[in-house]
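These protein sequence lines are chains G and S, in that order. Take the first sequence: its letter number 57 is residue 57 in my numbering, and every next letter is one higher. Take the second sequence: its letter number 49 is residue 49 in my numbering, and every next letter is one higher.
Since the hints were made in silico from the structure, they are not lab data. Each hint should be verified, as a subset may be incorrect.
Pairs of lysine to aspartate or glutamate residues, derived as EDC-like cross-links and limited to a Cα-Cα distance of at most 20 Å, are as follows [what the hints assert, rightly or not]:
(1) G:K105 <-> S:D303
(2) S:K60 <-> S:E218
(3) S:K174 <-> G:D23
Derived list of chain G stretches under chain S, where covered just means 3 residues or more per stretch with a C-beta under 8 Å from a C-beta of chain S [said to hold, decoys possible]:
(4) 2-11
(5) 16-27
(6) 110-121
Label-pair restraints from in silico Cβ distances [stated by the list, open to error]:
(7) G:S98 <-> S:E295: 42 to 50 Å
(8) S:T311 <-> G:D23: 20 to 28 Å
(9) S:E154 <-> G:I30: 53 to 61 Å
(10) G:M1 <-> S:K91: 27 to 35 Å
(11) G:E107 <-> S:L160: 20 to 28 Å
(12) S:N159 <-> G:I30: 20 to 28 Å
(13) S:N291 <-> G:K96: 50 to 58 Å
(14) S:N291 <-> G:I123: 57 to 65 Å
(15) S:K98 <-> G:M1: 40 to 48 Å
(16) S:S20 <-> G:I30: 25 to 33 Å
(17) G:I123 <-> S:E295: 19 to 27 Å
(18) S:L229 <-> G:R115: 40 to 48 Å
(19) G:P32 <-> S:G21: 48 to 56 Å
Bear in mind the structure is a predicted one, so any value in this text is a computation, not a measurement. All residues carry an ideal CB built from backbone N, CA and C; glycine is no exception.
Now for the letters of each chain:
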Amino acid sequence: MVKIYVIDNGGQWTHREWRTLRDLDVETKIVPNTISLNDLLRENIDGLVLSGGAPRIGLEGSLGNCGEYLEKADFPILGICAGHHFMGRFFGGIVKPSKTPEFGKVELKILKQNRLFDGVPEISIVWESHNDEVAKLPRVFEILAESESCQIQAMKHRNKPIYGLQFHPEVEHTEFGEKIFNNYVKICGK
Amino acid sequence: MFNAERFIDETTARLKEGVSGKALIAFSGGVDSTVCAALVNKAIGKQLIAVHVDTGYMRKNESKNVKKLMEKMNLNYRFIDAKEEFYSALKGVVEPEKKRKIIGEKFIRVFENVAEDEKIEYLVQGTIAPDWIESGGGLRDTIKSHHNVGGLPEKMKLNLVEPLRDIYKDEVRKIARALHLPVSERQPFPGPGLAIRIIGEATPQRTELVREACDIVEKEIEAAVEKGLMEMPWQYFAVLLPIKSVGVQGDKRAYGNVICIRAVQSIDAMTCAYSKIPNEVIDKISIQITNTLKEKINRVVYDVTNKPPGTVEWE
């Protein structure tokens with residue numbers, strides 16, 4: 001069984017991430033973002049999801065110990081919304097309030113194929129809920145997907161299995177959300 | 001994947017161990033509390049007392065039907081008419097969070113009275129995941145205080161038991177089907193009831209208007225689904241808005257209230273898309289509402305907002 005934990009940054013959909021993983025038969029648990037990397041390593045996890053959180057959480061300050069995981073962990077990490085913002089900022093990018101915030105239904109366009117998007121068509125419907133976005137990509141990242149109002153909908157670290165998503169693959173109305181999660185489980189399971 | 005049978009077995013076993021003594025369940029007759037009552041009933045039998053409170057903000061005939069359901073399920077039950085108490089507690093209250101908190105506290109006080117009379121130590125609630133997620137706390141923002149979580153008073157004498165805390169409505173429905181409960185497909189109805197479907201003060205008079213309008217929306221949509229004109233929405237109801245508009249009824253100027261129709265599609269209420277109701281159905285609902293409520297309502301609108309940015313209910 002693949003073991004993926006969800007780091008809780010206070011998102012409305014943290015529990016949905018847990019549920020989606022559980023439905024995919026992943027061994028999973030929601031843990032607070034104050035848990036140390038050592039404690040996570042002791043649990044022998046195969047991967048991590050950094051949840052979203054109340055609007056401004058990715059904009060400034062630290063996000064619990066998320067920085068430590070991003071810096072030192074060698075397992076895959078998937079940052080969603082505020083988790084993705086923090087990731088962008090941590091690796092040297094810039095996060096700003098969105099010119100056009102997106103809430104609800106949005107069309108996602110995949111720009112670069114990646115294992116995370118296996119089986120997801122070039123254009124698909126995703127669900128969003130954000131006031132901020134990664135406005136400038138960190139140098140070590142590449143953009144995987146965009147939407148009309150937001151250039152960085154999905155990004156990946158060039159050398160590590162670290163992914164950031166602006167949209168929410170965990171909610172029911174994201175057309176291929178479960179597929180994306182399933183791909184992430186495969187990435188974690190090797 | 002979620003396995004209802006396994007959940008039923010594990011939960012009943014856990015309840016048998018964890019609940020020693022008499023317990024009270026807050027029984028609205030919706031899917032969550034009915035499933036919860038069935039599980040706890042399985043575990044501790046007649047030690048469980050189901051309490052249904054008629055708050056005055058129930059849908060048409062609701063409390064009458066709940067009584068029948070409690071009898072059918074062979075529950076040890078108490079029926080409490082607290083209409084006047086709830087109406088007077090909400091007098092002059094307009095702010096949605098305040099409404100929810102007053103209702104949450106009122107519920108608990110009613111339950112505490114029953115508990116004291118009957119020496120009950122446990123309060124069982126059908127709280128499910130979205131209730132505590134949206135109620136916030138810690139890092140999480142408060143979207144709305146669900147009466148059974150954020151609406152709970154800080155000081156409470158009863159021990160809380162919430163067997164469905166980690167699951168969602170679609171999973172609760174699976175359990176309901178496995179237990180052959182007649183409520184498995186019922187649409188959700190919020191604990192604060194019609195009070196949060198009346199924007200502004202929830203007076204008894206305004207409650208009558210929204211009760212009638214909700215009944216019309218339910219009947220017309222159910223009939224349309226039956227005829228195959230549309231798919232069954234997750235939730236469908238009417239909201240009474242706090243504004244008036246000018247109209248003409250029978251060659252006379254009218255200045256009446258506005259009803260908003262709300263219907264959404266979802267599996268777990270965490271995200272929703274507004275239902276695409278066919279025009280002919282919207283037409284029927286609109287005419288039915290204005291013809292039935294006459295000078296009281298002279299305008300009907302349809303809410304076309306998804307969640308996010310909206311929520312299902314308006315308050």
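Verification of the supplied hints:
no.	hint	result
1	G:K105 <-> S:D303	16 Å, holds
2	S:K60 <-> S:E218	11 Å, holds
3	S:K174 <-> G:D23	14 Å, holds
4	2-11	holds (count 4)
5	16-27	holds (count 5)
6	110-121	violated (count 0)
7	G:S98 <-> S:E295: 42 to 50 Å	46 Å, holds
8	S:T311 <-> G:D23: 20 to 28 Å	24 Å, holds
9	S:E154 <-> G:I30: 53 to 61 Å	25 Å, violated
10	G:M1 <-> S:K91: 27 to 35 Å	56 Å, violated
11	G:E107 <-> S:L160: 20 to 28 Å	44 Å, violated
12	S:N159 <-> G:I30: 20 to 28 Å	24 Å, holds
13	S:N291 <-> G:K96: 50 to 58 Å	53 Å, holds
14	S:N291 <-> G:I123: 57 to 65 Å	45 Å, violated
15	S:K98 <-> G:M1: 40 to 48 Å	47 Å, holds
16	S:S20 <-> G:I30: 25 to 33 Å	29 Å, holds
17	G:I123 <-> S:E295: 19 to 27 Å	50 Å, violated
18	S:L229 <-> G:R115: 40 to 48 Å	43 Å, holds
19	G:P32 <-> S:G21: 48 to 56 Å	33 Å, violated
Hint check: violations occur at hints 6, 9, 10, 11, 14, 17, 19; the rest are consistent with the structure.
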